[in-house]
Structures are given as C-alpha cells and as structure tokens.
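S.K.: With these hints in hand, go ahead and build the complete structure from the sequences.
If you read the sequences in order, they're chains A and B.
If you read the first sequence in my numbering, its first letter stands for residue 7, the second for the next number, and so on.
If you read the second sequence in my numbering, its first letter stands for residue 18, the second for the next number, and so on.
In case anyone wonders, no lab produced these hints; they're calculated from the structure.
Only a predicted model underlies this, so the values are computations on that prediction, with no experimental measurement involved.
C-beta: ideal position from N, C-alpha, C; glycine also.
Hints are not guaranteed to be accurate.
[To be verified] Subject to a maximum C-alpha distance of 35 Å in a straight line, what follows is the list of computed DSBU-like cross-link-like pairs (lysine-lysine):
hint	chain 1	residue 1	chain 2	residue 2
1	B	LYS32	A	LYS112
2	A	LYS74	A	LYS42
3	B	LYS88	A	LYS109
4	A	LYS33	A	LYS109
5	A	LYS74	A	LYS62
6	B	LYS95	A	LYS33
7	B	LYS88	A	LYS44
[Said to hold, decoys possible] Chain A residues, not near chain B, derived (Cβ > 12 Å throughout):
hint	residue
8	LEU17
9	GLU21
10	LEU25
11	LYS33
12	THR34
13	GLY59
14	SER63
15	GLU65
16	LYS66
17	GLN77
18	THR83
19	ALA84
20	HIS89
21	ASN116
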Amino acid sequence: SQELEQSPQSLIVQEGKNLTINCTSSKTLYGLYWYKQKYGEGLIFLMMLQKGGEEKSHEKITAKLDEKKQQSSLHITASQPSHAGIYLCGAIQGGSEKLVFGKGTKLTVNP
Amino acid sequence: EAGVVQSPRYKIIEKKQPVAFWCNPISGHNTLYWYRQNLGQGPELLIRYENEEAVDDSQLPKDRFSAERLKGVDSTLKIQPAELGDSAVYLCASTADGGAGGYEQYFGPGTRLTVT
Numbered sequence: 007s008q009e010l011e012q013s014p015q016s017l018i019v020q021e022g023k024n025l026t027i028n029c030t031s032s033k034t035l036y037g038l039y040w041y042k043q044k045y046g047e048g049l050i051f052l053m054m055l056q057k058g059g060e061e062k063s064h065e066k067i068t069a070k071l072d073e074k075k076q077q078s079s080l081h082i083t084a085s086q087p088s089h090a091g092i093y094l095c096g097a098i099q100g101g102s103e104k105l106v107f108g109k110g111t112k113l114t115v116n117p
Numbered sequence: 018e019a020g021v022v023q024s025p026r027y028k029i030i031e032k033k034q035p036v037a038f039w040c041n042p043i044s045g046h047n048t049l050y051w052y053r054q055n056l057g058q059g060p061e062l063l064i065r066y067e068n069e070e071a072v073d074d075s076q077l078p079k080d081r082f083s084a085e086r087l088k089g090v091d092s093t094l095k096i097q098p099a100e101l102g103d104s105a106v107y108l109c110a111s112t113a114d115g116g117a118g119g120y121e122q123y124f125g126p127g128t129r130l131t132v133t
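M.R.: So, in structure tokens, the structure goes:
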C-alpha cells in the first residue's frame, strides 16, 4: 500500500519567516492533496496537484508536485500566526480511489 | 452553503457501551466517507458510500463497527461495544464526485470520542 512520509514532523518559526513542508510517497502520485487542520476541527482543503511539475498558489501558500511525481512540497512565504496548524498531505492510492494521508506536520508561528 | 455537519462534537463513554455518530453531508454530494484519526496520525478511511451503497468498507472493523446511509444523504456510524482503543476523532467527509479522483473532499469538524 502507498505510504506518505511528511517532514518535518513539527516546525516552529518566527512570524515573517518562510518555510517548507515536504511530502514523500513510496509510490507514484496520481493526485496529491494538501489540507490544513486546526485542533478540534476538520480538515480544510488547500490545494490539489495532479500533473508532474504542477505548481499552485493560494495567497502565501505554494504547493509543487515534482516531475517524477513522488514528492510534493508546500511553501509558505512570510508566515503569519494564522498559518499555524497541522498540514496534511493526502494521495490517491492507485487502483482504489482511496485517499491516504501522511501523519501531518505541526506548524507553530510565533508572533 | 452549509458545510458537513457532524454530531455530537464530543462523546465520553465507558468501555463496552455503544456509541453512534451522525453526519449530514453537503447538499448534493453523493459520496460520503467516514475516517478515524488517532492522535498524531492522519485520517484513515473506514468506509466510503456512493449514494446508499457502501463501495469500500475494507477498513471497517465489522465485528463492532457498523454504518448506514439509508436514503443516500445522512449517515450514521456505530460502535458496539466500544473499546479503549476506539478513542479517536471520527471524521465525516463528502464530495460531489463518485470517488476521490480529481475532487476535493469536504470534511466535517469531527466527533472526538473518549472511551474510559
């Protein structure tokens, strides 16, 4: 089965700093989703990437899917306290349409 | 547009007791998912419905878990009897597509279950 490894597991940054979160798959990615979760809440959809080399941006968050389609990165520019939360990557498991998730990266942004 | 609604938000029960969770998906979404999220982990799929039909329940522990979606709208997930290891957040999600491919899943706030 497909496994997603996220790094780092946790990250503490000062407000205004840039940061990157990585998601590496054990198999080729056919669809990669990024979600954000705050404690006690459900997952909020951020972006979906499907093509190798694809890059999408929303406000100060940019996600990329590498050419070989086994890794994605999420980059936040000029982080703010509102960016704090747990970032989860999810991928479609080939042949089953099942979405599997990584364990998440906990982001803390200190003002 | 209302999002995915789940209730209750929190539930504390003693082991061996039954418990049920309710989910109302976004209007018009024919696909509904139940996930379990353990502390420090990502969500894991328990069951997926397309309309009334459970199309993937391979991860559902059928000895104690059951689910239904009678009219293809609301869904209920039940555990009977609950065990200590069932303590987790149970998330419901829905999508308009007939599967995960190409469409984002919208998640509810979850039900946090504590089994004592």
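S.K.: Now tell me, hint by hint, if it's right for this structure.
M.R.: Hints, one by one, checked against the model:
1. B:LYS32 with A:LYS112: holds, 31 Å
2. A:LYS74 with A:LYS42: Holds - the C-alpha atoms of LYS42 (chain A) and LYS74 (chain A) are around 25 Å apart, at most 35 Å.
3. B:LYS88 with A:LYS109: Judged against 35 Å, a Cα distance of about 34 Å means the pair holds.
4. A:LYS33 with A:LYS109: holds, 17 Å
5. A:LYS74 with A:LYS62: holds, 17 Å
6. B:LYS95 with A:LYS33: holds, 34 Å
7. B:LYS88 with A:LYS44: Cα-Cα ~32 Å, so holds.
8. LEU17: Given that every Cβ of chain B is farther than 12 Å from that of LEU17 (chain A), nearest at about 15 Å, it holds.
9. GLU21: holds, 25 Å
10. LEU25: holds, 20 Å
11. LYS33: holds, 15 Å
12. THR34: Answer for THR34 (chain A): holds, closest chain B Cβ roughly 14 Å.
13. GLY59: Since the minimum Cβ distance to chain B is about 18 Å, GLY59 (chain A) lies beyond 12 Å and the statement holds.
14. SER63: The claim holds: SER63 (chain A) sits with its nearest Cβ about 16 Å from chain B, beyond 12 Å.
15. GLU65: holds, 17 Å
16. LYS66: holds, 20 Å
17. GLN77: Holds, because the least Cβ-Cβ distance between GLN77 (chain A) and chain B comes to about 17 Å, which exceeds 12 Å.
18. THR83: holds, 23 Å
19. ALA84: holds, 25 Å
20. HIS89: holds, 19 Å
21. ASN116: Answer for ASN116 (chain A): holds, closest chain B Cβ roughly 22 Å.
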